[in-house]
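Trainee: First to last, the sequence lines map onto chains A and B.
Sequential numbering of the first sequence, starting at 1, is according to the working numbering.
Sequential numbering of the second sequence, starting at 1, is according to the working numbering.
No lab work stands behind these hints, which were simulated from the structure alone.
Incorrect hints may appear among the rest.
One copy or two, it doesn't matter: identical chains are merged, so the pair holds either way.
Heads up, simulated BS3-like pairs for lysine-lysine below, C-alpha to C-alpha not over 25 Å straight-line [to be verified]:
1. K451 / K489
2. K451 / K249
3. K489 / K430
4. K578 / K589
5. K249 / K589
6. K451 / K401
7. K596 / K29
8. K556 / K589
9. K401 / K15
10. K401 / K596
11. K430 / K249
12. K430 / K404
13. K249 / K489
14. K596 / K555
15. K489 / K555
16. K15 / K201
17. K430 / K609
2 protein chains.
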Amino acid sequence: MAKTAVSVRRLLFGKPLPSWRAAHERLPKVLALPVFASDLMSSVAYATEEILIVLVAAGEAALGNVRPISLAIVILLAIVVTSYRRTIFAYPRGGGSYIVSKDNLGTLPGLAAASAILIDYTLTVAVSIAAGVAAFTSAFQAYAPYRVELSLMAIAMVALANLRGLRESGLLFAGPAYLYIMSFLVMIGFGFGKMAMGTLKAPPREAIDVTSSLTTFLILRAFAGGCSAMTGVEAVADGVAAFRPPESKNAATTLMIMAVVLGSLFGGVSMLAHHLHIVPSETETVVSQVARAVFGAHWFYYVVQGATAAILVLAAQTSFADFPRLSYFMARDRFMPRQFANIGDRLAFSNGIIALWLLASTLIIVFHGDVHSLIPLYAVGVLLAFTLSQTGMAVRTIRLKGPKWRWNAAVSATGAFTTGVAMLVFAVAKFTGGAWIVVALIPTFIGIFLKINQHYRRLADQLRLPPGGRPVRPEMRNTVILLVPGIHKGILPAVDYARSLSPDCRAVYIEVDPEDTPLIEERWESWGAGIPLVVLESPYRSVIQPLLRYLEEVKKDRVRHLVTVVIPEFVPARFWHKILHNQTGLMLKWALLFRKDIIVTNIRYYLEK
Amino acid sequence: MAKTAVSVRRLLFGKPLPSWRAAHERLPKVLALPVFASDLMSSVAYATEEILIVLVAAGEAALGNVRPISLAIVILLAIVVTSYRRTIFAYPRGGGSYIVSKDNLGTLPGLAAASAILIDYTLTVAVSIAAGVAAFTSAFQAYAPYRVELSLMAIAMVALANLRGLRESGLLFAGPAYLYIMSFLVMIGFGFGKMAMGTLKAPPREAIDVTSSLTTFLILRAFAGGCSAMTGVEAVADGVAAFRPPESKNAATTLMIMAVVLGSLFGGVSMLAHHLHIVPSETETVVSQVARAVFGAHWFYYVVQGATAAILVLAAQTSFADFPRLSYFMARDRFMPRQFANIGDRLAFSNGIIALWLLASTLIIVFHGDVHSLIPLYAVGVLLAFTLSQTGMAVRTIRLKGPKWRWNAAVSATGAFTTGVAMLVFAVAKFTGGAWIVVALIPTFIGIFLKINQHYRRLADQLRLPPGGRPVRPEMRNTVILLVPGIHKGILPAVDYARSLSPDCRAVYIEVDPEDTPLIEERWESWGAGIPLVVLESPYRSVIQPLLRYLEEVKKDRVRHLVTVVIPEFVPARFWHKILHNQTGLMLKWALLFRKDIIVTNIRYYLEK
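This is chain A alone, in the form it adopts within the complex (with noise of 0.2 Å):
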């Protein structure tokens, strides 16, 4: 059985990997990108659309206000990116929100920004998972019932893959990361060609209903919708060590690569956009519009399109990627159980990872992979983390004072001003949406933080040893209990084993029936190895009670004693036998186990049919 448990380990996760290839493990740029950005390109294929669903509603002329929206939300992503490259050189071992908050801010930020992330994390992989099948399905109508499972089974993917390591999952995931980003700037390069030629013609579309004007809020709220599509900025800053070294410098340039791409992907599709007047339809994405008019009906459109559906699945990567780290940090500040400091088999923090995959495939069966409702919680937390992370990095530069210390810091404050503005009005606006629960959340989560921590410090404290080495202890003694249940073959290796721990040994025999007492007397003589047996009476039939009194009795005379009690006990040669014995063996271990000073030591008898 334990052979099997390990050849399905082997086969699901491959050899496990010594700790001395840790190194080796690492991650060059090239696979770093796919790992940590998908989250982010994958939001190029819905950002535009979020921005002009909220501007439709004020009218056609309102949906010019695109493109000062995509240039503000790509000036904000470089002002983040430019904060957060500072944050990754001070904090070359990982510097994502938790660790850069708790670090300036202080515990609680750090709990907060550590609350939102998890959270968040755990919705991106249920809600990309869910788009990703969603996108399938619709193309594949027949599949459609089975929508759950298949969210389940690409799930199970997913985590599969990063359990057998980041390198491994960078290395599968690479492909169709790497075939979207391309596609994109095919798309991006002819449209703007076609543009450039005039001959890029917007598509016939309807009329469209005012039902709101165009008020600063609403505008403020096209741009949170848009700033959703940064959460990748977060990833790589906690996974610095995750990069080959030098670690900082390759996972800032990763960072820069990434805002360039996102900004290049963004603008571009924006413009685009923007261009050809496209306006949200209920049947058709942006992206699909803008590539159907680009490419017509041209086998590169399904490109695009096939592209599109891939990344949307592989935006979980950035959760798994993220989401085990960052438990891997507060495990180690012990505020998670310290099992997710583990690392697993194949270096990765595996329990980080089946949480994840536990919890996000819960959320997909709790809303029968309907989890589209679930989309506007995540904005608040990334948004929230983002603020916390850059307020913290303008507290530090502003105490450090380093080189240019003033603008830095007013880079960092900048950001953080800008996405606490965005989060707020994401807050507000979606709050009756469903927004108050990640407000709920997040002060539960940190309270079971907090908790947690409660409980190691104060087991800290009761393990300290004190100072000075261990003080002369007079011997302890043993004093063994042999149970006797009856005479036969299988307790004579306890016989024997109780005889080797202490000479002072005695054998007990409980009595339900006093006529069996003689024989088992007799018996004993010529099997229980000189060891004197001491007959307790029962005259309530009870195994527990008597022994139990007795060991009262033998603790009494014995101060310096330690009391052993042997109980022989049988192996069954199949599971089942086990219910035609009588569990006596069993209760008399719980019952012990209440017991502080007597230790139970059972001698296992293995029957062979």
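Fit chain B to the known structure of chain A by using the hints.
Mentor: Okay, now just chain B, sitting in the frame of chain A:
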């Protein structure tokens, strides 16, 4: 927690009784009657009706057959009781059909009888409780939706009374049982008196549709329907040992009283029903019709009805009296798990009572309290048991050739033949109506019993000690491996213990992160009490693999050594704290469970908060 458990136990079951009180707990005849006869008595409530229901199909004229059929049943009862009287004297320690068949016909017939009886008892409890509750809910319609809950409560009540001991349940149920007998005797007496004076008038009723002609088969079916009124006979035969001494004599007398009472009540009701030309109705029972005709709307009519409802619930008592006892007999013979042979706190066979409680409750829940369809099933079982038991007695009488053996054998053979025919008629008539279930279950049960028996026989073979005493064996020596997870206060008790066990003792530290090792080694110097420390490298970060490898090595050069692994273990103050700790100790214990020659001892360290 343990204290609360004890208090609850006391409250439910009363104080434990010492074994020497067993004789005091025996039943006087006056209590034995309600304990064993409830089922039998309750059958009067429906036996006449069962006959009439079959006969009415053949039209008005056929109804006259109720008298000869009832007479035949009373004669059969007399035969069976005569036969069982002899059984009781032949088997003074209990002689139900299981024991008699096994003793005289062989193991398989014995197990067949036992299976039939155990199935029957389970069905009887479910059916009679449900019938009693139905009688109650037809009077109080508001409770109808809760019939499952009410049934479960009623079963629990009877089961708990039995867990308090047979004597207690006798005391509890004697009132309703005697009230029932008295009220029926009064009804029959008044009825006969009025009949003699010619003032007993048949109530008006509708004409009858003839749907069938009066065939021999129909008469046999009517006869078999009435036969089910005889289960109590079996329970008395099994329960001889529960009577006050002289056991056989008292049991035989009780059986006679029971037969006379049953015969009188059943015969009386049948005669009155015949005289009144009563026809079974959908809306009113035969007994109710008789009582109404005798008393009119007098309050005594309600006494009869109330006592009938009570006795239907109490009919379950007979099963609770005999099922556990039969299980005890079978466990003693190693055909059922030996737990059924345990005697509980109150000198009752607690495990059998609990098993019957659970089985009957399951039936109630599975059938949503509508167990009416189970009624035809159990006549087959009881009749099979009667047939086997009486055949066994006939065989025994012929073999032993005591005084008047020819006559006695003829009585038993006649009983066996009659009940055998009745069983066949029932099995055929009701085969598709559910009797096939019993026919299929009996061989299944026999198979399970044989399998259990095989296990116990093999076990005994494996545990048998060779003849002669213990050979002189070289003394075993004990090598102790103390597992050191870290150096803190929690491991000190384990250090003390390990040192006390054997001079051949070493500590093992598994090095997951080599950076920690120097500190561990240094602190061990101060706290290790001189035990040598072995550091095991673990390049793959597993705790289990290096330890297992090391244990293999240790065992290789220690042939006559036992190896004890001592594992320090935290016991957190609160249960939820457990999830905050690596379950390394537990995992090691599991891994070592599969190593036959290694003994694991946990030394607990209790945290205070």
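Trainee: 25 Å Cα cut-off: does K596 pair with K29 within a copy, between copies, both or neither?
Mentor: neither (56 Å within a copy, 51 Å between copies)
Trainee: Please sort K401 with K596 into within, between, both or neither, judging by C-alpha distance up to 25 Å.
Mentor: neither (58 Å within a copy, 66 Å between copies)
Trainee: How would you classify K15 and K201 at a CA-CA limit of 25 Å: within, between, both, or neither?
Mentor: neither (56 Å within a copy, 94 Å between copies)
Trainee: Up to 25 Å between alpha-carbons, please classify K578 paired with K589: within, between, both or neither.
Mentor: Classified as both; 16 Å inside a copy, 19 Å across copies.
Trainee: 25 Å Cα cut-off: does K451 pair with K401 within a copy, between copies, both or neither?
Mentor: neither (36 Å within a copy, 83 Å between copies)
Trainee: Between copies, within a copy, both or neither: which fits K596 and K555 at Cα up to 25 Å?
Mentor: Within one copy only: 12 Å inside a chain, 31 Å across chains, cut-off 25 Å.
Trainee: For the identical chains here, do K556 and K589 meet the 25 Å Cα criterion within one copy, between copies, both, or neither?
Mentor: Only inside one copy: K556 and K589 sit 21 Å apart there, 31 Å across copies, limit 25 Å.
Trainee: Given identical chains, is K430 near K609, meaning Cα to Cα at most 25 Å, within a copy, between copies, both, or neither?
Mentor: neither (66 Å within a copy, 42 Å between copies)
Trainee: Classify it for me, K489 with K555: is the Cα-Cα distance of at most 25 Å met within a copy, between copies, both or neither?
Mentor: between (30 Å within a copy, 24 Å between copies)
Trainee: Between K489 and K430, at a C-alpha cutoff of 25 Å, which is it: within one copy, between copies, both, or neither?
Mentor: Classified as neither; 73 Å inside a copy, 52 Å across copies.
Trainee: If the cutoff is 25 Å on CA atoms, where do K430 and K249 land: within, between, both or neither? Let me know, please.
Mentor: Cα proximity of K430 and K249: none, with 38 Å in one copy and 86 Å across.
Trainee: Treating 25 Å as the Cα threshold, decide for K451 and K489: within, between, both or neither.
Mentor: Answer is between: at 23 Å across copies they meet the 25 Å cutoff, but 52 Å inside does not.
When held up to the earlier numbered hints, the structure conflicts with 2, 3, 5, 6, 7, 9, 10, 11, 12, 13, 16, 17 and fits the remainder.
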